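For reference, the chains in residue letters:
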Amino acid sequence: MHDGLLAAMRRSILDGDPDRSAALAREAIERGLPPLDAVRHGFVPGLDEVGEGFAKGDLFLPDLVMAGEAMKAATAVLEPELQKTGARREILGRIVLGTVRGDIHEIGKTLVSTMLAAAGFEVHDVGVDVPAETFADRAREVGADIVGLSALLTTTMTAQRDVVRALDRDGLRPRVKVIVGGAPVTRAWAEEIGADGYGEDAVAAVSLARSLVGR
Amino acid sequence: MRTHHSPARRHGETVDRVSGRIVTAGVAPPYSRLAPEQCAALSEASLEILERTGVRLLAPEAVELLARGGAAISEGNRARIPRRLVERALETAPRRVVLHDRSGRPALPLEGARTYFGPGSDCPRIVDHRTGERRAARLADVRDAARLCDALPNIDFVMSLFIPSDAPPALADRLQFEAMVGNTTKPIVFVTYEMSGCADVVAMAEAVAGGADALRERPFVACYINVTSGLVHNTDALEKLLFLAGKGLPALYVPVVSGGTSGPMTMAGGLALSNAGALAGLVISQLKREGAPFVLPGFGGDALDMRTMVDPYCAPEPRGMAESLGHRYGLPLFTLGGGSESKVVDGQASVEAGLTMLLGALSGGHLFHDLGYLESGLTGSLAQLAVCNEIAGWIASATAPVEITPETLALDLIDAAGPEGSFLKLPHTRRHMRERWYPTLFDRDNHAGWLAKGGRSLSDRAAEQVSAILERHRPEPLPAEAAAAVRAIVARAAGDIPAALETEASRA
Ligand code: B12
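Just so you know, the protein sequences line up as chains A and B, in that order.
Each residue of the first sequence is one higher than the one before, counting from 1424 in the numbering used here.
Each residue of the second sequence is one higher than the one before, counting from 15 in the numbering used here.
Some hints could be false.
Which chain B residues face chain A? A few, computed with CB under 10 Å, are given here [to be verified]:
#, residue
1, Arg-139
2, Arg-321
3, Ser-390
For the record, the hints were derived by calculation from the structure and aren't laboratory data.
Quick caveat: nothing in here was measured; it's all calculated off a predicted structure.
Ideal placement from N, C-alpha and C gives every residue a C-beta, glycine not left out.
I would like the entire structure built from these sequences, with the hints used as guidance.
Next comes the structure, spelled out in C-alpha cells:
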C-alpha cells in the first residue's frame, strides 16, 4: 500500500537529502503510516544500503555523512509520533569527544564526531588541545555515557591516560566508558591505559560506541 | 656503495658566460602546471580571503604586529590583512635562501629551478630493513637515518625520519636534533612540538655554528612549522615564526588544508586558502623583521581520501600547482613528495616516490621532502630512502643539461672510423664512459647474472645497501666542544621538563 512512499524514503537517504526525507516523514504521518514502519522499512534500508556502498568503496564519506543528516531530519519529524505510540526512539547515548591537551589535530576527531552524530549519538565536541579536567567536567555536566579521546602525536598519547585518571579520580568510571583513537594509537595502548575501547577509524568508532552502550 | 661520476652540472644550473661560474638564480623550471593567468587568479583569491574573511591568530604579538601594520582586528584576534601588506612583504622577503652545511660552507641555494631532496620527518613507526618488521621507531633509528642520509650522494639535506618511542616525549625533539647533528654534516630541517623546543634546537645550532651571528649568516638549519589551517594559526606555530624571524633564521611555514574537511574539495579553493595562510605568515615574519628568510610551502590543494579517510601524501591531482604559484612569487619553496601510501617497500612505493620526485624536480621544488615515507607518513623505511636516493640520481641525470661541443659531437672520430668503424678502443670512449649514469640498486644484469647474485628484488637489494652503508659509513664527527654544548642543552631541558623523567618506552 505504502510501497511507493517507502521507496521514496529509501531514496531520500541515498540522495542524502534532509529536506526531502523530512517532507516524506510528514507525508507518512498524514497518510497514517505507523512511524516505526517508516523508520524500519523506509529510511533504515536506505541507511543500510549507504553503509554497504561505503564498505565496498562505491560510496564516499560525504555520502555517508549526508545520509546520516537525512536520517536525522526524518527522525526529528517522526520523534513526537513515536513518543505518542510509546515507541520512543531515544538517542543512542551521550558522548563527549575531543583532541587531548597539547594536540591540535582536529580532522580525524571531527570526522568521528560527525559520524557518531549521524549514527544517532548526542555528541558534545569539546574541540582540540583539551585539558583532562575539561573532559571530566563536561562528562559530568552532560551525563556522558562515553568519553572519546583523539591523539595524533606519540607525545600526546600520554594525555589520554591523564583523562582516564581524571575520570577515575572524579568517580565517573566505570559508568563512563573511554574510547581512544588517532593514528599512533593502538589497541595495546588502549589496554595499557585502561580505556574501554579503541577504534582505528570513524566507522569503527561508531560500532565501538554502539557496542559500549549495548545498541 | 660505489659512487659514480655524476654530470658536471645539474638541472637548474646554467654557466655564466663571462665568469664561467655555475649560476642557479633566475633559471625558470622546465615545467609549470599552471599558466601565468591561473597563478594570478589564485593569488588574487588568496588576497581576497585575507581581506574579506581574515585569519585567526592565536598569539598576541602577531595580532599586535598586524594591527600596527594596518590590518583590521576583530574578535580580539581575527585579522583582515590588506593587500598592500602582502605586496610589501613579497618585496622585503629574500628571494634566495642558502642553506649551508654544518661547517658553514654554502650547500643549497634555494632559488630558480633547483630541487634538493631530503627525507620526511617524525614517523612513529619503522619498517626495519633487517627484519621487515613494522615496529615503534627508536632513537637509534634516528641516528641510523641521519648517517644513511649523510652517506647517500643524492640526499641533499636531513630531517629526523623517525620520532623515537624510547625517548621521553617532551624531550624527543631535542634528542632528534642531537642525533642528527652528530651524524651528518648536511643541512638539517628540524621539527619541534613547542616553542621551547625550537629555542633549544636553535641554541644547539648556534653552539655548533659558533654563535648567533654565524648561524644567521651561514644557516645550516631551517625549522619546519605546521599550522592548523589556512585561517587558524596556532600559538606554537606563530611563536616559532616570530622567534625565527627575530633571529633572522629560515622558517618553513606550512598551513595545511585538507580538502573536503578543513577546506574546499576543489583544488583551486584549497590552494587559495592554504596560500592565504602562508602569505599571512609571510607578512607576520616581515613585520617582525624585514628581510627575515621565509620559505613558502610548495604544496597544497590536497584532499582527504573520501573512501578510506586517509590523508594521502602522493595524490596526483594537485601536483605542481603550488610550485607554479611559488615561482610566480619568486620566493624559496618547501615541497613535498617522494613518499608513498604503500605499507611496504614495493612497486607502488617506487612508482609514487619516482613520479612525485620527477614532477618536483621539473617544477623547481627547491627543498623537496618526505623521501622514505610509507603508510602516509606514519611509517618510515631506510630501504625506501635508499630507493629514493637511486631515483634522485636517475632524475639528476635525466634532467642534466646536455653538452653539445666539438668534443661531444666527435665528428672527427666519426669520420675517422668510417661507416663500419668501432668506437670501443677509442680513448674518447674511456674518457666519457663515466659520464653515463650507472645504477647502484636498479638491476641491469642479464638473467644469469641476476640469478647468480641471488635473484633478488629491488627491496632486498635496497635493504642490503642500507646494511652495508650503516656498517661502514662514519660521518665526520661533531667537534667535541660543540657536542658537549649540545649535550648540555639537552640536559638542561631534561631538568626543566619533569615529565621527561617518566619514560614511555615501547608504547606504540
Ligand atoms: C594533517 C596533519 C596535520 C595538520 C592538522 C590539521 C588539523 N587542523 O587537524 C597540522 C599541519 C596542523 C599538523 C600539525 C602537526 N603535526 Co601533523 N599530521 C597531519 C597528518 C598528515 C594527517 C592527519 C589527518 O588529519 N589524517 C586524516 C584523519 C581523518 O585521520 P586521523 O586523524 O588518523 O583520524 C582517524 C582515525 O585515527 C580515527 N580516530 C581519530 N581520533 C579518534 C578518536 C576516537 C575516540 C576513535 C575511536 C577514533 C579516532 O578515526 C579518524 C577517521 O577515520 C598526519 C600524518 C598521518 N598520516 O596521520 C601528521 C602527523 C600526525 N603529524 C605529525 C607532527 C609531527 C605534527 C607537528 C608536531 C609538526 C610541527 N611541529 O609543526 C604538528 C603538531 C602540532 C600539535 N601540537 O598538535 C606527525 C606525528 C609524529 C608523532 N609525534 O607522533 C605525523 C604522523 C606526520 C609525520 N610523520 O610527521 N599535522
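The hints, checked one at a time:
| no. | hint | verdict |
| --- | --- | --- |
| 1 | Arg-139 | holds (8 Å) |
| 2 | Arg-321 | holds (5 Å) |
| 3 | Ser-390 | holds (9 Å) |
This entry satisfies every hint, going by the numbered hints stated previously.
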